[in-house]
Amino acid sequence: EAGVVQSPRYKIIEKKQPVAFWCNPISGHNTLYWYRQNLGQGPELLIRYENEEAVDDSQLPKDRFSAERLKGVDSTLKIQPAELGDSAVYLCASSSQDYGYTFGSGTRLTVV
Amino acid sequence: LAKTTQPISMDSYEGQEVNITCSHNNIATNDYITWYQQFPSQGPRFIIQGYKTKVTNEVASLFIPADRKSSTLSLPRVSLSDTAVYYCLVGDTYSGGYQKVTFGTGTKLQVIP
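Residue numbers (the numbering used here), protein chains in the order written: chain S, 20 to 131; chain Y, 34 to 146.
Fair warning: there could be bad hints in the mix.
[What the hints assert, rightly or not] Estimated spans, in silico, between C-beta atoms of each pair:
1) S:Gln99 <-> Y:Thr54: 36 to 46 Å
2) S:Arg127 <-> Y:Phe79: 14 to 24 Å
3) S:Gln60 <-> Y:Ser114: 20 to 30 Å
4) Y:Thr105 <-> S:Lys35: 43 to 53 Å
[Said to hold, decoys possible] Reference excerpt, derived from the structure (chain S facing chain Y, CB under 10 Å, subset only):
5) Tyr54
6) Gly61
7) Ala112
8) Gly125
[Stated by the list, open to error] The list that follows gives simulated cross-link-like pairs (lysine-lysine, DSS-like), each with its CA atoms no further than 30 Å apart:
9) Y:Lys36 <-> Y:Lys141
10) S:Lys81 <-> Y:Lys36
11) Y:Lys85 <-> S:Lys30
12) Y:Lys141 <-> Y:Lys85
13) S:Lys97 <-> S:Lys35
Read the hints as simulated data drawn from the structure, not as lab findings.
C-beta atoms are modelled at their ideal positions from N, C-alpha and C, and glycine is treated no differently.
Kindly produce the complete structure, drawing on both the sequences and the hints.
If you want it as structure tokens, here you go:
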């Protein structure tokens, strides 16, 4: 089993540019999460999907962030335009009822 | 929402047992307690989960008192590779997903040779 796969692993962009992150969850995991983790902090939830439905996006900055999960499998998180404060690690996770979260390795975003 | 409180950091020598305690005074009836481990440049990794009393697996033990207002993660005979950040999570895993779960800042464990 491949686990949760995220790409790219690293991304450096200039401010005001768009950026997108991709996540492929574990097969059969209906619940998918996007988290943002700032240096020295714990992950903070941005959005949670149940299949293709976003059931909790209360922490997603909707003026510049968007997400989609087409067909209830892969998901994409987009930032447009990026700001300096968006520099962080963006983590994707999926879950089943038995063992909680399985996280990907994350995408480290640096906005310059 | 069940908030958790953990020590910010801990140091331990190799070969010692490490106990990390987490406080969760307003834990709800349906909430489970789960611990995750995170190494630099990786996502958090599931260690152990429990509801009450004691749970043990191949890497750790989890002790939960009867009132469930706290829990203790026990790592036996730590090695340098156990140096990581450990997160305590409390949340309702009903319906196959964590609802309203918040990661705190975790406990940074440094294992010393």
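Tell me, which hint numbers fail for this structure?
11
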